[in-house]
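Enquirer: Protein chains in written order, with this note's numbering: chain A, 1 to 491; chain B, 1 to 479; chain C, 1 to 85.
If you are wondering where the hints come from, they were derived from the structure by calculation, not from laboratory data. Please note that the accuracy of each hint is not assured.
Said to hold, decoys possible - Here are the simulated DSSO-like cross-link-like pairs (lysine-lysine), alpha carbons at most 30 Å apart as the crow flies:
1. B/Lys314 <-> B/Lys336
2. A/Lys98 <-> B/Lys392
3. B/Lys116 <-> B/Lys392
4. B/Lys80 <-> A/Lys338
5. C/Lys20 <-> B/Lys474
6. B/Lys216 <-> B/Lys314
7. A/Lys418 <-> C/Lys20
None of these values were measured; they are calculated from a predicted model.
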Amino acid sequence: MSVSDKPIYDRTMTELSRGLAAGDFSSVELTTALLDRIETLDGALNAVLTVTRDEALAAASAADDLRAAGDAGPLAGLPILHKDIFCTRGVRTSCGSKMLNTFIPPYDATVVERLAAAGAVMLGKTNMDEFAMGSSNETSFYGNVMNPWDLERSPGGSSGGSSAAVAARLTPVATGTDTGGSIRQPAALTGTVGIKPTYGRVSRYGMIAFASSLDQAGVITRSVEDAALVLGVMAGFDERDSTSIDQPVPDYVAELDTPLDGVRVGIVRQHFDEGLEAATGDQVRAALKTLEARGATLVDVDLPNLDQSVPTYYVVAPAECSSNLSRFDGIRFGYRAKDPEDLLDLYCRTRGEGFGAEVKRRILTGTYVLSAGYYDAYYLKAQQVRQLIADDFRKAFADVDVIAGPTAPTPAFRLGEKTDDPVTMYLNDIYTIGANLAGLPAMSVPCGFADGLPVGLHLVAPHFAESALMAVGHQYQLETDWHTRCPEDYR
Amino acid sequence: MSRWEVVIGLEIHAQLATKSKIFSGASTAYGAEPNTQACLVDLGYPGVLPVLNEEVVRMACKFGLAIGAEIAPRSVFARKNYFYPDLPKGYQISQYELPIVANGELIIDSDDGERKRIGVTRAHLEEDAGKSVHEGFDRMSGIDLNRAGTPLLEIVSEPDLRSAKDAVAYMRKIHTLVRYLGICDGNMQEGSFRCDANVSVRPQGQEAFGTRAEIKNLNSFRFVERAINFEVERQIDVLEDGGDVVQETRLYDSARDETRSMRSKEEANDYRYFPDPDLLPVEIADDYVEAVRQTLPELPDAKQARLQESLGVKAEDAAILTIQRELADFFEAAAKASSAPGQTVANWVLGELSGALNRDGLDISASRVSAEALATLVDRIHDNTISGKIAKDVFEAMWQGEGSADEIIDARGLKQITDAGAIEAIVDKVIADNPGQAEEYRAGKEKLIGFFVGQVMKETGGKANPGQVNQLLKKKLSG
Amino acid sequence: MAMLARLKVADEDIAEACEKLSRIVDFVDQLSQADTSGVVPMAHPLDQTQRLRPDAVTEPNNRDHVQQNASQVADGMYLVPKVIE
């Protein structure tokens, strides 16, 4: 099927960009088509929390004018959805929480600002786990998101609204954030591409913090090419974020053509042990064979402290979150409990009523691991183990260019299946968390289906090696068509 | 001697005199309308992040160097977590395990006349909180976050202070120092310089410290002295009655001159410090420290010694002149421009000039008489153009803007009569007019010389040189 | 912990919350098995140092706009139940 035969909503950002440039359609036409599609289809998915129709059409019209004037930016007139964790000036930013149900930021996040400056048209804001704390999108105050491949299943989390929207062709691209796998796991569960760049590569300014030393913004797309296109705009130094890195951003799209010949792909044996569901494992192994067939060399590597990554994460992330979320006190913004008896009551009820169960659980866990008498045994210990895990990766990358494995142990699970035991839910992130702890760039690329549900191939690269990472993903996509598969009801 | 020994440590909070806040670009100017200088970072808005102001690092370095301390090559910001309405993020960004300045010292002139070394354990950077206003909102309190995020240098002393007077001497010394360095305006009314005092007592000779109480937020030297004295008495009473001092935070009530327990702050003080993940370690290179060292002004102790040794100012005057760098600079400029001895210039700076400044409520920087103008006036006394007494009138005229010393002397015809012939004529006339007194003088009533001097001065309108008159009279009367 | 975190947990939820919390704590307890002697704790993923900002006032007053997000303000102040010291 040639591009011109594809319905407009099924085209990638790159394809749409060419269409706009060629004058096949205008941005207003494209934007209208996708807004209408969201209106028609999202009722069943609950992926989009806010549709910014008027603003989108105004931006699209402006982009069309700029293009006519010969002054189109790299993403001029191209549609995007933003995860509702990114502050958007004048547009409600809820972070999936009752706490911020009426919060209207007076400023734009750097990510939002950069994409808008490049000409991207924001269609609206996507649903997410509350404050990005969850792996299934079931912790959202606005209800869970349905997976377009099977409405009874989760699209993953926390960027589940973004992954579902991209998979259902409501948008070619949506932003996400990834603290322990929150971009890559939902991408895997919905058959989309999700990339989390190196920590510090994309500014965190305006991204509502969950765990500051782990959070990183990224993007969910259908092709690696699109990821390269959009990430190139999002990335770069921001003086408003002290942890942002002042390093030039390569031309990611140009570097996609790097062939796989001689690329050393590391395989971690523990990634394929009993925790991994068989059918998922088969798909991942087949993908590795494909890489090998295109010239890559598979090399065994060892990450001896891998087992400790989930417990490490569940100390570090709650500790940081317990402090980051202290600002939600009902005084300057956000939900405020009615008729408080006194100051203490205002605090306790505002936070008790405004936060959902999982957020409260993590705040309490974090408070506990930082408290007097427990700090050394938990928080300090976790920081030390984090160092060990980072060292493991450093050693592994002495021998390989990327590490490949499964993104998630199973395909999309049924909604409600894992909500009883928080620890079971946490273990869903076992393959993705290491990259956050070590600050490494990582992505998930669709690599097949298990029982009709998408499976993701997880790739991790050394710091700032996004180009190499995406080149591997892109070369894989040249050979396969998993990423072009569309869930039946959304074709 | 009391059988109790007093042990005091001070935690001084000095607001750093930056234009913008420690982690945001909002203004630090005092006195603005509520919340008009609280930007999104100061308000703890979701998604915003702190970025460190370079000036606070430089100022902390200056202070560290001035007290001979170590400047940490690597220091770390930590979060101190607690809930309070004037603390927008629910944590204060401070430094905990790795402060920017450590192990300094100061020498104070102790209460007992000894010079005493006081250790400065550490000085660390942190952000100030906002203010709660309790009046005017019915059963509510109003929160003004203008002050939130103002940079503070918290200067923590060793428990080396042994009396309330020592504590005040130490605090004054720090106050002088931070103003010399230009890192704090030292304005205590506006809260730019305040302290918490940790006070305990122990039996003389005992090595272990007694249980301490922390008195919060003392914002004048007088309150520091009174609060500590009250607290010492209180603790001794408790102990002598067989009780135990409780470790707690106390508030000094200046109206009642007493300290009282602040139980509200006590209930939960597990601050859960941990490194702030939004900020990276601050690294300070040796060459940076050296560059800052080059910018240090002459420090108060060195200046005082120099005023004494090179300019011949007496110790107590040198001490007063150097309390404020601007005053010392004024004095030095005047002394340099004048040919009179340093002590004479010091007398004028500390006498007439300081008196006029006090009377008009002016700071030395707003003096209506410049250092050079004052020097000229002093020179006119020194070169016998006018007498010291007339100089006071000339100074007052200068203060009122009537012109320079010379202009006023000329305009008012105040120049001393130095022509010996003219004075001699007047002396002769006075002796002739007062034969009785002249007789008595010659008979041995030498005290009468004063009378004759007075008469001559009266005749000359005060313009004769008193020394010259004295000499001439003695000669004529005995002749 | 709930007091320290200023979180009110409804009475009927306390048992479940405690049970889940203790499961999490049991789970993270396996950290104690790692040998971390001599390991420097890692606070940041990248070994970078703090960048400094020039001391300049860049943020104008935007109070009235910003306070639209606040539930209770008067005379430019944010209001809370009376603070007792």
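Enquirer: Now tell me if each hint is right for this structure.
Expert: Now for the hints, and whether the structure bears them out:
no.: 1; hint: B/Lys314 <-> B/Lys336; verdict: 17 Å, holds
no.: 2; hint: A/Lys98 <-> B/Lys392; verdict: 75 Å, violated
no.: 3; hint: B/Lys116 <-> B/Lys392; verdict: 40 Å, violated
no.: 4; hint: B/Lys80 <-> A/Lys338; verdict: 29 Å, holds
no.: 5; hint: C/Lys20 <-> B/Lys474; verdict: 107 Å, violated
no.: 6; hint: B/Lys216 <-> B/Lys314; verdict: 38 Å, violated
no.: 7; hint: A/Lys418 <-> C/Lys20; verdict: 13 Å, holds
Of the hints listed earlier, those the structure fails to meet are numbers 2, 3, 5 and 6, in rising order.
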